[in-house]
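Asker: Chains A and B supply the protein sequences, listed in that same order. The first sequence: position 299 = 299 (this note's numbering), numbered continuously. For this note's numbering, count along the second sequence from 1 and bump the result up by 1000.
Don't take every hint at face value.
In silico contact screen, one side only, chain A against chain B (beta carbon under 10 Å); selected entries [claimed, not checked]:
#1 T8
#2 G63
#3 Q90
#4 L91
#5 A141
#6 A164
#7 K166
#8 N167
#9 K171
#10 N179
#11 V185
It is worth saying that the hints were derived from the structure and are not from the lab. Where is the CB? At the ideal position from N, CA and C, for every residue including glycine.
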Amino acid sequence: MRQFVFATMMLIFTLISSSMKMKANDEKTLKVYCPAGMKTTFEKASKEFEKLYGVQISAEFKGSGHLMGSIKLNPIGDLFIAADSSYTTQLKADGLIKEILPLAEMRPVIIVQKGNPKNIKSIADFKRDDVRIALANPEAAAIGNITKRILEASKDWEAVSQNATKNGVYKPTVTEIANVVKMKVIDAAIIWDATAKQKNYANDFDLIQTDLLNANKELATIGVLTNSKNPTLALKFARFLHAKDKGQKVFLEEGFTGIPNADTWSDQPSIILYSGGVNRVAIEKTIVEFQKREGVTINTSYNGCGILVGQMKAGGKPDAYFACDASFMSEVQNKFGPSVNLSETSIAIIVKKGNPLGIKTLEDLAKPGLKIGVGHPEQSALGSLTKKLLESKSLYEKIKPNIRSETPSADMIVAQFKAGSLDVCLVYIANVVYMKNEIEIIPINEDRAIAIQPFAIANNTNNHYLLERFLEALKNNHSHFLNAGFKYLPNLDIDKKEGK
Amino acid sequence: MFDQDPYPSRKNTLNVPSDTTFFLAFIILSFIYIFLLIGIIVADFKYVDMNSIKRFFNDPNIIYSLKLSIISCTVTTLLCLLVAVPLGYLMSRFHFIGKEVLDTILDIPIMLPPIVVGISLLIFFNTDIIIGLETFLQNFFNNPNLRINPTFTVVSVILAQFMVSCAFAIRSMRTSFDEISVRQEQVALTLGCSRGQAFLYIILPRAKRGMVTAATISWARSLGEFGPILIFAGSTRMKTEVLSTTVYLEFSVGNLAMATTVSVFMIITASIIIFLMRIWGNNQHEKREKIHD
Chain A
1 MRQFVFATMM LIFTLISSSM KMKANDEKTL KVYCPAGMKT TFEKASKEFE
51 KLYGVQISAE FKGSGHLMGS IKLNPIGDLF IAADSSYTTQ LKADGLIKEI
101 LPLAEMRPVI IVQKGNPKNI KSIADFKRDD VRIALANPEA AAIGNITKRI
151 LEASKDWEAV SQNATKNGVY KPTVTEIANV VKMKVIDAAI IWDATAKQKN
201 YANDFDLIQT DLLNANKELA TIGVLTNSKN PTLALKFARF LHAKDKGQKV
251 FLEEGFTGIP NADTWSDQPS IILYSGGVNR VAIEKTIVEF QKREGVTINT
301 SYNGCGILVG QMKAGGKPDA YFACDASFMS EVQNKFGPSV NLSETSIAII
351 VKKGNPLGIK TLEDLAKPGL KIGVGHPEQS ALGSLTKKLL ESKSLYEKIK
401 PNIRSETPSA DMIVAQFKAG SLDVCLVYIA NVVYMKNEIE IIPINEDRAI
451 AIQPFAIANN TNNHYLLERF LEALKNNHSH FLNAGFKYLP NLDIDKKEGK
Chain B
1001 MFDQDPYPSR KNTLNVPSDT TFFLAFIILS FIYIFLLIGI IVADFKYVDM
1051 NSIKRFFNDP NIIYSLKLSI ISCTVTTLLC LLVAVPLGYL MSRFHFIGKE
1101 VLDTILDIPI MLPPIVVGIS LLIFFNTDII IGLETFLQNF FNNPNLRINP
1151 TFTVVSVILA QFMVSCAFAI RSMRTSFDEI SVRQEQVALT LGCSRGQAFL
1201 YIILPRAKRG MVTAATISWA RSLGEFGPIL IFAGSTRMKT EVLSTTVYLE
1251 FSVGNLAMAT TVSVFMIITA SIIIFLMRIW GNNQHEKREK IHD
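Extracted from the complex, chain B is given alone in its bound form:
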């Protein structure tokens, strides 16, 4: 990149200092982060041993938490898209009174420490209204074991993941709708499309890449979710234990080998899935670009 100066005319000017310092400083600063990042991942391997790897694939508790993690993250991701696509579209296209306020509210899960989300969920689902509703339904259906309260169940795992991840998905979807020109949509409308048809045939195909990004973010955020799950779903083995809880519990026992093995496995799984999503997203994008050309 240093070979060809894209601005050869600068050579004629006097007193232009060398660009080397600039690049050197930037590279050094970038390198510090990259070095740290790779360093902490590699360091994990120090504690990984064969026994832990064997246990990882044989311990029913851990297999359960692995399954639950993958399933819950996927379900959460689909739910996020279901909400983020319409909400992102509305926020991108329309102006209304109180939009700034709504915008701020939508960012709350991003600003808040995740643990606050957990506590708030726990409180919300155990207010008198929900408990009263549950009692009413139990009496109505004459079934004392009927539960609508998701607290401490698998549903609460998904809810906890959803509350945080969705905020990121909405933000991502909104940005991607912002980037899609309004003109094509308007043309479609003038040609006789309904709003729904215009969205379905014009906007949605163009937003595919944005959706992939949103899905990737949601999935990754959900996998990393920990605090709210611990508060709202607990750490019940074979029920609400996800991989991040496993790491926490194994660490609690002082079983570093197992904690790091699970961590490393999480890093590998997450990297593969995000990598695949990215490649798939890029292919889709290229295909669409070709069609449009």
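Isolated chain A, as found in the complex:
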């Protein structure tokens, strides 16, 4: 009896101590779900990362669809690689994945036994009775899914799938299909070009290129699981696999097609962001969070947009630019990719609490003796916009004598107004929303009073995809824009679409 109790206690002790050990290792381990077809590539690429950073990577290899099922049931782990981007997109929509990075491109290709004994030339031969074909289960594997999509579009699916059922076989992973052709059990199959070119299968097949299949490429992607306990390390590994000079190299060696503008590898990438001063409140918090999660540094230069544009023209090379108004984007648009309008705010008349001077419209600003503050017309978007607004109403010349202060940033005007040296100031609502209880905001209902803030990524940046993720983080944190007094535009787009 004593031995029995002792043995039981030993068992419990072992269980507890081993689970504690696992916990201690958590910080340096990553669990990755990887499609069976990408096993060799993955292992090759991850080995270097493990060595460089002393990280232990454990991976589970199955069909993409199956892995997705596992993650849905039990979303434990750090990263999910899918041979077809629709899987990562779907998990992202379900909230199980946070970030997605592209890894490589693949194309479906026909494989036949060495020497092509059955003389197979195109999909048409897949319908022949004497040809045994293997297809991937469309629901279980990415290659099965895309094969079905392509053949349905070309109206071949019915005949081909019937032949597979009658004379061939369905298998749940791409490697199993490659294996049965290698073993000469099957005559022909459709698999990924990258799988076919793997070393394990070197000289096992003949590859047959057809225009129909060639026209379809699929993006292999990696997603960071929302539940990852160590998202920064997971992202680092994801960036490593994605990087032009790291993971991409291995993908190319293994027969994949690379991602054309992949990011360059850096231990801790550092990004330069130019941002209009007015945007600061809306993006500050997001930048801090993003830096922490991604393990990157964002050096932000907040300034009047006129100054920023001047710096860029003088050779300043930011990786991304968040302008305070679209007009300050168009001047440098050729250095950037397409811009995304994130938010808008409009100029308002700001007066002291209770509006002691009784100002109601822009016309009232011409009253003699008023002390007005505006943005500098050349150095700031606000100033330029204000001037255009006043000019459009033929008020600029009338009001000009009252302008006591022209500053390059709205914050300076507001500071002067707060100090009591100005009666009125014309600034963005977003500039003063934080002190709305101490002032009166008189809105101006004019299209010309509206400033739109576009965000764009530089063409020559080495961190395009990193910045795409930053843009997404800005979008995800749109409440910061609302709190800062902006209207959030992408949201409005969605509303409009839904309204239709």
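Got chain A; can you put chain B on it based on the hints?
Answerer: Same frame as chain A, but now just chain B:
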């Protein structure tokens, strides 16, 4: 069970500790397993929903896989008995050179991971000998579509199930023949029965219970068979898809509701069939005992 101590004399001895600890420890340990077992079954119901149950009875793919499962398991079970009865009898009654070796070989399917059985089957049926034979027969009968290779067909489903289940059936049959006294058989032989008659009239009726057990095991093993079927028969819908493959495929799509519905259905079907076989087996046994008394 604690009320009456079957060994009252122990009370007179000193220093006998209470039995409570003993029973408590055993019950706790047993309970851990039973709790887990019931727990995992009940947990499945979390994902079962009405839509999946409706689809289960309406989706032709799933109905097919259900039918194939039941038919293939039954055919496999009959095949297993056909082989296990004679082989179990021979192994139980006779001693010969190399019996230990044969014994070990017969246990291979039990020891091996099922997936190895699948791969080995696939390789065996695609060796040059089989392919050559197929080509020869095709030429002989002048029929290029003649296939003797069972790979990726319904036959391969049954073969994959058979290879694993049969090993269990043989073991079970052998144990049950071991339990039947040799004496009755010998008496029958001395009274003028042939070996065949003695087996048919004396041994076989007594082995009925063992056969029921063997059949139950075979049937249950076949239903649970998965790895070898996937490798050797594939997962072709409306052809080689059995219930375990359905669970796998539905899980692959992330359709947990359907995967668990099929799982629950498998649990219920298997339990009912095994329960019925057990009851039937016990009745047969009792009947026979009465006759013999």
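Asker: Against the structure, test the hints numbered earlier, and report the numbers of the ones violated in rising order.
Answerer: Going through the list in order, the structure violates no hint and respects every one.
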